[in-house]
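Chains as they are written, first to last, in the numbering used here: chain A, 1 to 337; chain B, 1 to 337.
Quick caveat, the hints were computed from the structure, so don't treat them as lab data. Ideal Cβ placement from N, Cα and C applies to all residues, glycine included. Warning: the hint list may mix true and false statements.
Chain A regions said to be covered by chain B (calculated; three or more residues, Cβ under 8 Å) [stated by the list, open to error]:
#1 20 to 30
#2 80 to 94
#3 133 to 145
#4 154 to 168
#5 219 to 230
Take a look, some chain B residues computed to stay more than 10 Å from chain A by CB distance [said to hold, decoys possible]:
#6 LEU72
#7 VAL214
#8 LYS257
#9 ARG273
#10 ARG287
There are 2 protein chains.
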Amino acid sequence: MIRVGVNGYGVIGRRVADAISLQPDMVLEGIVKVKADYKALVAVKKNYNLYAIDEKSLKSFFEAGLNPKGMLKDLLREVDVIVDASPEGIGAQNNRIYKEFDKKVIFEGGEEHELTGLSFVAQCNFDVAKGKKSLRVVSCNTTALCRVLDALDKAFKIKRARAVIARRAADPDEISKGPIDAVVLDPVNLPSHHGPDVQTVLPHIDIFTMALKVPTTHMHLHSLIISVREKVNEDDVIDVLKGTTRVILVNSKNGIKSTAHIMDFARELGRIRYDLYEVAVWADSIRVVEDEIYFYMGVHQEAIVIPENIDAIRALIGKYSKEESIKLTNKTLGIIQ
Amino acid sequence: MIRVGVNGYGVIGRRVADAISLQPDMVLEGIVKVKADYKALVAVKKNYNLYAIDEKSLKSFFEAGLNPKGMLKDLLREVDVIVDASPEGIGAQNNRIYKEFDKKVIFEGGEEHELTGLSFVAQCNFDVAKGKKSLRVVSCNTTALCRVLDALDKAFKIKRARAVIARRAADPDEISKGPIDAVVLDPVNLPSHHGPDVQTVLPHIDIFTMALKVPTTHMHLHSLIISVREKVNEDDVIDVLKGTTRVILVNSKNGIKSTAHIMDFARELGRIRYDLYEVAVWADSIRVVEDEIYFYMGVHQEAIVIPENIDAIRALIGKYSKEESIKLTNKTLGIIQ
Numbered sequence: 001m002i003r004v005g006v007n008g009y010g011v012i013g014r015r016v017a018d019a020i021s022l023q024p025d026m027v028l029e030g031i032v033k034v035k036a037d038y039k040a041l042v043a044v045k046k047n048y049n050l051y052a053i054d055e056k057s058l059k060s061f062f063e064a065g066l067n068p069k070g071m072l073k074d075l076l077r078e079v080d081v082i083v084d085a086s087p088e089g090i091g092a093q094n095n096r097i098y099k100e101f102d103k104k105v106i107f108e109g110g111e112e113h114e115l116t117g118l119s120f121v122a123q124c125n126f127d128v129a130k131g132k133k134s135l136r137v138v139s140c141n142t143t144a145l146c147r148v149l150d151a152l153d154k155a156f157k158i159k160r161a162r163a164v165i166a167r168r169a170a171d172p173d174e175i176s177k178g179p180i181d182a183v184v185l186d187p188v189n190l191p192s193h194h195g196p197d198v199q200t201v202l203p204h205i206d207i208f209t210m211a212l213k214v215p216t217t218h219m220h221l222h223s224l225i226i227s228v229r230e231k232v233n234e235d236d237v238i239d240v241l242k243g244t245t246r247v248i249l250v251n252s253k254n255g256i257k258s259t260a261h262i263m264d265f266a267r268e269l270g271r272i273r274y275d276l277y278e279v280a281v282w283a284d285s286i287r288v289v290e291d292e293i294y295f296y297m298g299v300h301q302e303a304i305v306i307p308e309n310i311d312a313i314r315a316l317i318g319k320y321s322k323e324e325s326i327k328l329t330n331k332t333l334g335i336i337q
Numbered sequence: 001m002i003r004v005g006v007n008g009y010g011v012i013g014r015r016v017a018d019a020i021s022l023q024p025d026m027v028l029e030g031i032v033k034v035k036a037d038y039k040a041l042v043a044v045k046k047n048y049n050l051y052a053i054d055e056k057s058l059k060s061f062f063e064a065g066l067n068p069k070g071m072l073k074d075l076l077r078e079v080d081v082i083v084d085a086s087p088e089g090i091g092a093q094n095n096r097i098y099k100e101f102d103k104k105v106i107f108e109g110g111e112e113h114e115l116t117g118l119s120f121v122a123q124c125n126f127d128v129a130k131g132k133k134s135l136r137v138v139s140c141n142t143t144a145l146c147r148v149l150d151a152l153d154k155a156f157k158i159k160r161a162r163a164v165i166a167r168r169a170a171d172p173d174e175i176s177k178g179p180i181d182a183v184v185l186d187p188v189n190l191p192s193h194h195g196p197d198v199q200t201v202l203p204h205i206d207i208f209t210m211a212l213k214v215p216t217t218h219m220h221l222h223s224l225i226i227s228v229r230e231k232v233n234e235d236d237v238i239d240v241l242k243g244t245t246r247v248i249l250v251n252s253k254n255g256i257k258s259t260a261h262i263m264d265f266a267r268e269l270g271r272i273r274y275d276l277y278e279v280a281v282w283a284d285s286i287r288v289v290e291d292e293i294y295f296y297m298g299v300h301q302e303a304i305v306i307p308e309n310i311d312a313i314r315a316l317i318g319k320y321s322k323e324e325s326i327k328l329t330n331k332t333l334g335i336i337q
């Protein structure tokens, strides 16, 4: 069994912890949290071992009757792999202590590529990561772009990829973030970071991205314009995406015309927290004109990187093939094929 | 003096009426309205002659003490040009009565191109419209795209233009429209109508557009990807846009980073209803990579077509040059050069 700890229990950490606990070859040794909030209460109800980030949080856990098992260092002694799901930039600060304990580490997309030199998307570079000491699972938008672009590039040879990303401005629990009634350029200066970030995984792809923040809480919405070298039609594109792991096709004929509809579909599926691990591409938006492929896709920002985190754990351990790991992760998470 | 009537007093009609009343060579003979609402009250306070669309509305105007001057037919007897600012599709129905009275007519972008066979943007085809019987002022997004693409095409020869339009979902007074928390594909099937609509004015431009509805009330936000034949850099693009009428450059260095900031800027300018007649291009978003120009621009959906309506009136009358008309319209509306 691979012994795993999760440092940080926010948007990503709590989902990774749940996913680990579903794996037949992994044991969740514990989670590290800062506050004794409702998320800590639910974690304890799930029998997750709770560790504190510092003395102050340890004290607050005792006061809340949460029976903490110790501090981050205590957890590190118990694990083979630690998943750092700390807020952006804090992972890099934590790296010193991980090195001190000589642990394998997974960082998230809020950290810089340079921290580990290895940016990871399972289908693209699982084998490169095998047996490595650490890696970075790229952010939600980058993960989605890599899945789709890697598949289309292998099938049709991408000449250039252009994407405009309408980002959800806040997650559903982020009550202090805006905007309420504006489109915010994110950032004004071009390109957005997503294009260069895709190139940390797929360095040969010519990509340029633009990004906006819009007043929604569910999903990022990508408008894609991809020029390819091979001659293709709409059905070719659909066939390739159908055969790509962690990509699903949705259709307005079934009533899915917005990000809200996709999330309501995920609620119907009965997933925990209505998480959609798959990129959702609108099949009936796919249009090919000459060498250009156009389509829309939705990305559930809270969930899409969860399967990549599970595969990343197996990649670092080094004893699994890419196909074995992806298959097992997909099965345990109920990912639609 | 050109005698003008305005049929319809919603988003566009009330703005066109105000703009007509500012012209030294025009007289607003009256407006046609359906309801005795607050907009009717304000119109009467402005001493606009109020006409009713039917017997029922005539009665309601009398009951509200609004002293209506008559019905649409009574207004038509008094005018040289009628501007039809009815809801989408109603203009086409009204065309029969305009023909009966043998009047020159301006329709708005909600009507089909085929209704008049002439889709109008002042800077692009004023001369084509000179002396014609009727024309259609294209919609807000199409107007904005035509202004910018016409200028860039004349300067650099456009190879292909691609645009993703994040549309405001509702105007500020439209309290029943959604979405609240979703990005809606508008429509799912590609392309959106904007590309073909641009080609009704600029048939030679290779354009493909995608469009989303987002939960905002101010401005449409365009992400543009334009490939050109001439070799250009960022400064060349800025110079061309600076020299283009009804296009202004904004900059995040001055604190303008979102559509809300542009609208607040328009409020500072003291414009009636904070109307921005100009397309606002973010100067510091302009980026050129090889043959592609990228930038963002904001379009005030309620206001941008107002100067085109005024120029369209003069074009139909046929006694003005394009330059004379645009100059006079810009001056009277306080458009920034």
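Verify this for me: three or more residues of the region 133 to 145 of chain A with a beta carbon less than 8 Å from a beta carbon of chain B. violated (count 0)
Given as non-interface: VAL214/B, partner chain A, CB spacing beyond 10 Å: Violated, because the least Cβ-Cβ distance between VAL214/B and chain A comes to about 4 Å, which does not exceed 10 Å.
Non-interface label on ARG287/B, tested against every C-beta of chain A at 10 Å: violated, 4 Å
Beyond 10 Å from chain A, beta-carbon-wise, is LEU72/B? holds, 36 Å
Please settle this one: ARG273/B was flagged as non-interface, so is its CB more than 10 Å from every CB on chain A? Nearest chain A Cβ is 16 Å from ARG273/B, so the label holds.
For the region 80 to 94 of chain A, do at least 3 residues have a Cβ located nearer than 8 Å to some Cβ of chain B? It is violated: at least three residues are needed, and the region 80 to 94 of chain A offers just 0 whose Cβ sits closer than 8 Å to chain B.
If you look at each residue in the region 20 to 30 of chain A, do at least three have a Cβ nearer than 8 Å to any Cβ of chain B? It is violated, with 0 qualifying residues against the three required.
Would LYS257/B pass as off the interface with chain A, using Cβ distances and a cut of 10 Å? violated, 6 Å
Cβ contact check, 8 Å cutoff: the region 219 to 230 of chain A against chain B, three residues minimum: Coverage by chain B holds here, the residue count being 4 at a Cβ distance below 8 Å.
Within the assertion that chain B covers the region 154 to 168 of chain A, do at least three residues meet a Cβ-to-Cβ distance smaller than 8 Å? holds (count 3)
Violation of the numbered hints given earlier is confined to hints 1, 2, 3, 7, 8 and 10; the remaining hints are satisfied by the structure.
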